[in-house]
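Counting from 1, position 101 in the sequence shown corresponds to residue 91 in my numbering; the numbering is continuous, with no gaps.
Since the hints were derived computationally from the structure, they do not count as laboratory data. We put the beta carbon where it would ideally sit given N, CA and C, even for glycine. Check before you lean on any hint, since a few could be wrong.
To be verified - Pair ranges (Cβ atoms, derived):
hint	residue 1	residue 2	range
1	D54	N141	49 to 55 Å
2	S64	V39	35 to 41 Å
3	A61	W148	46 to 52 Å
4	L10	D93	46 to 52 Å
5	L140	G106	43 to 49 Å
6	V39	G79	40 to 46 Å
What the hints assert, rightly or not - Lysine-lysine pairs mimicking DSS-like chemistry, simulated, CA-CA at most 27 Å apart:
hint	residue 1	residue 2
7	K114	K75
8	K75	K110
9	K114	K128
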Amino acid sequence: MHFWNKLGIRAQITVGFLPLILFMGLLSINVISGMSELSYIFSSYRKTVGESLGISEYSDQLHDIQMSAEAFRSNPTQALVERLKAGVGAFEANDPRFAGNQDLLTGMAEIREEVGAYSKAFDKIVSLQARRILLISKVTEFGPWTSAALNDILRSAWR
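Working from the sequences, and respecting the hints, build out all of it.
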C-alpha cells in the first residue's frame, strides 16, 4: 500500500483504469468475433432462403404443369399445350441458387428426367386427342349419310 501512496494522482487513475481498458479490449475482440459469426449465420440463412425460394418456384411450375394437363383433358386447346411446354422448359436450366448444394442438383436431375418423361407422355395424349377429334369429325360428317344408306339397305332387304 505504501507504493500506491507514492504514486501521483495521474498514475493512480491510469492504473485504476488499466483493468477496465483491458476488459473493454477483450470485450471488443469478443464482439468482433461474434459479429463475424453473426455474418456467417446470416449468409447461411440467405443461401437457405434462396434455395427454398427456388424449390418453391419449381413446385409451382410442377403444379402448373399438372393443372395444364388436367385442363387439357377436359378442354383441349393449343394454349394449354403451350402452357405445359413453358412449364417443362422452366426445368431445363440450372438454378444458380442450387450451385453449392450437390444433393439439390442431383435431385433436380432426377426431376428433370421425370418431367421429360411426363412431357413425352403428354405429347402422346395430344396426338391421340388430335386423332380423336379427326375421327369424331369424320363420324359427324359421314354419320347421317351412313345412317340413310343403312336405312335404304334395310328397306330393300325387306322387299
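Hint-by-hint comparison with the structure:
1. D54 - N141: 49 to 55 Å: holds, 50 Å
2. S64 - V39: 35 to 41 Å: Holds, at about 38 Å.
3. A61 - W148: 46 to 52 Å: holds, 50 Å
4. L10 - D93: 46 to 52 Å: holds, 51 Å
5. L140 - G106: 43 to 49 Å: holds, 48 Å
6. V39 - G79: 40 to 46 Å: At 25 Å between Cβs, range violated.
7. K114 - K75: OK: K114 and K75 at ~13 Å, within 27 Å.
8. K75 - K110: Measuring from Cα to Cα gives roughly 10 Å; hence the hint holds.
9. K114 - K128: holds, 21 Å
When the structure is compared with the earlier hints, a violation turns up for hint 6 alone.
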